[in-house]
Amino acid sequence: MFRFIVRRLLQLIPTLFGLSILLFIWLRRLPGGPETAILGERGTPEMRAAIRRNLGLDEPILVQYGRFIRRMVRLDLGTSISTKREVTTEFLQRFPGTVELTVTAMIIAIGIGIPLGYLAARRRGQLLDHLSVGGSLIGICIPVFFLAYVLKAIFAENLGWFPSSGRQDPTIDATRITNFFVLDGLLTREWDAAADAIWHLVLPGLALASIPLAIIVRITRASVLEVLGEDFVRTAEAKGLTENVVRRRHVLRNAMLPVATSIGLLAGGLLSGAVLTETVFAFSGIGAFVADSISQRDYPVLMGFILIIAVVYVLVNLIVDLSYSLIDPRVRVR
Amino acid sequence: MRAPRSKAALAAVAAAALAVAGCAESDRGDDSGGSKKDTLVFGVAGDPKVLDPSFASDGESLRVARQVFETLVRPEEGGTKVSPGLAETWTPDATGTTWTFKLRSGVKFHDGTDFNAEAVCVNFNRWYNSKGLMQSPDVTAYWQDVMGGFATNESPDLPPSLFKSCTAKDATTVDLAFTRVSSKIPAALMLPSFSIHSPKALEQYDASNVSGSAEDIKYPPYATEHPTGTGPFKFKSWDVANKTLTLERNEDYAGTKAKLKTLIFKTISDENARKQALRSGDIQGYDLVGPADVEPLKGEGFNVLTRPAFNILYLAINQKGNPKLADLKVRQAIAHALNRQALVDSKLPPGAKVAENFFPDTVEGWNGNVTKYDYNPEKAKQLLAEAGASNLTLRFHYPTEVTRPYMPNPKDIFELLSADLKAVGINVQPIPLKWSPDYLNATTSGAAHDLHFLGWTGDYGDGYNFIGTFFDRPKPEWGFSNPALFEKFKKADTTADIAARTEVYKELNADIMNFLPGVPISHSPPAIVFGKDVTGVKASPLTDERYSTAEFKS
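Top line first, the protein sequences correspond to chains A and B. Numbering-wise, UniProt numbering puts 205 at position 205 of the first sequence, and it's gapless, one number per residue. Numbering-wise, UniProt numbering puts 532 at position 532 of the second sequence, and it's gapless, one number per residue.
Calculated directly from the structure, the hints in this document are not laboratory data. It cannot be assumed that every hint is accurate.
[As the list claims (entries may be wrong)] Which stretches of chain B does chain A cover? Using the computed rule of at least three CB atoms under 8 angstroms from a CB of chain A, they are:
{"id": "1", "region": "188-200"}
{"id": "2", "region": "262-270"}
{"id": "3", "region": "299-305"}
{"id": "4", "region": "431-440"}
Because the structure is a prediction, the values reported are computed rather than measured. Glycine included, each C-beta is placed from N, C-alpha and C at the ideal position.
Take these sequences, add in the hints, and give me the full structure.
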């Protein structure tokens, strides 16, 4: 097991190296540079040239890449061109927001999706089944940002039940430790702050959960149906085991394997949804920041972001693979 | 055994979530009732970049600076004229190169130290003696724009400095000497980038230590955590993770104290999201209101303020792009082909006007007697025929995904203008580009283009800040060289006598409209909105709104 983890982690190094070369070339080949974004309509050619020179963008790309790698070795992602703060600092301040949001979305998606999918399968052909299958179809079809707008228009703008923007009411004087606002609130016993942060997560979390929720319902349903048709379930039932025991020990456990795989993939995909959701809800996370960075041609931020995402993706998949062995002991044996 | 336990855990989590949700709701309920409100949350489109305005040129940094800092002179409230700030009076000597400022007494910085002539000189000398990365054009953009260079220029690209020296004659008298007469003085000293900082704080927080490498500029702690001025608000905190910046009332302010106790700027980059946040009560005001939202928000009872138009939208004609465009008749034909009034009436916010000069009539030097180009498609066709350009094809660039104060809806504007051009027989090849960086890059760097529209919002009330920016030397955006025009700009800039300089601007405006490097289209008033119960703020053409006068109606 340990060797398996180490090997997977070591694989990261060549992956990141190759990725960084591709990205570096691709980003530099995009038309326009950060100097245009910095100067806006005020830029004279001389000012633009001076900024390019200052940013070292007038040097050969190999020299620039060499400098980038030297920094990376020291785990220094450089300074954001647009905000002038260290990229690492920027990420540390914003990643917690995105993590809170995606975790909320996953809790909603898993918490509702698995039971609903299971029930739909058990009551195949009944009303609940039709409702959940139809509902999940709608969930997959509706674009995240549209749902975000609708949720916001109804529950924030009109009814006023939830806040429409941000991660926390700015009038709350909250202490920041980890920048995970909910966690910070709990750590510092500022219950108001924690509750307010949770309150701010509800609508964006729901919007972001829509697609994974729909997919989890469908996969769980299909998977449970498949397992229900297996001989061992019939055997278990024939043995006279209670429905509860059959459900837990035989059906759910076996049905969870494809669900776990899909959850791993969905978690990675959530990041793209987060870009839109964060923009709609003015939620200070990594998604909205990166969206801005693209138009600003903020190379250090974009490089840093994509490399971090690659790491996260590999780690998530590693966790998924490890979770297989917990769900299905056969994987462990192999 | 396991099932009941997990059920119990689930129930506990659900109960906790409900309890937390319930108490969050009651918290939110508490805000609305009770005593008079004294905290304003204002929605802004972007995070400030840096809190030391010496290093800032973006609107959001300057907005914060305007509340925390003061300048020697400042724009009159709601206008563009130079009026007293930290200086009560200012007079030039006979040569027009040395200005004497009489300072207000009894003013203190937020750190409790005294404001005086010495402090002014510390600030000017700090800028003038900038070294290393502080000479980078994106660090000290406004200093370089106004003053040119530094005491010792480290790059051959930098021009000599306009600023010469600062002398503190006594505690409340300071002399600023310049190397030549310039139209920019004193108006440019109203820019927030010339804010006066506490010398003690500058030293304490290492304000001039801009470090890192050229490609990796790092600002000192002063610029991100300790801005210390004399303004009505003091900096309290900047919560980057929650995109909020909090200011609090300066209880020792020398002037009228702020009515608000706390002022919070909350970043909401999406325009629609700002509107929704206002409606849902998350914020009590926001800037950069979409022109289409002005009337609906007014109808709902929100306090929509319209800033006097201090901007210009123009159609630029690149004479290098297509040889035919160097022919004046062709440019005149384009001007006559455009129905600018129809554009203003249908696509721009209420209060917008057709432009006759390249700057609005609130700026001294505006000239009502310039050549005007009325909408006349027949004449346009005739001019094109005379120029032998009846079959003209033009590459027309327009930006997407952008709203500017002078240009709410570029695609609509493009469609109207190109329909007008097509109507007189000009073939239009549309080239839509993403605003930043593609469009800006293509239009301002002189890549192959014929027509594009762009605009400008003035920084301070001097004509040079508009027309000088466009036409005082050859620019790739326009692709022409007109030495007579460039000479006259030099004359305008170095004329000390304001009345005489105004005359030169009038001549320049007439010359420009005869030469017709492009067509001035419109001036649009941008809007800013406050909550239904917020009063006291006066809209400023320079976006110099004073939040210290804002208050909630009880």
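To see whether the hints hold, each was checked on the structure:
1. For the region 188-200 of chain B, the assignment as covered by chain A is violated, since 0 residues bring a beta-carbon within under 8 angstroms of that chain's beta-carbons and 3 are needed.
2. Counting residues of the region 262-270 of chain B whose beta carbon lies closer than 8 angstroms to any beta carbon of chain A gives 7, which meets the minimum of three for the stated coverage.
3. Look at the region 299-305 of chain B against chain A: 0 of its residues bring a Cβ nearer than 8 angstroms to a Cβ of that chain, fewer than three, so the hint is violated.
4. Counting residues of the region 431-440 of chain B whose beta carbon lies closer than 8 angstroms to any beta carbon of chain A gives 6, which meets the minimum of three for the stated coverage.
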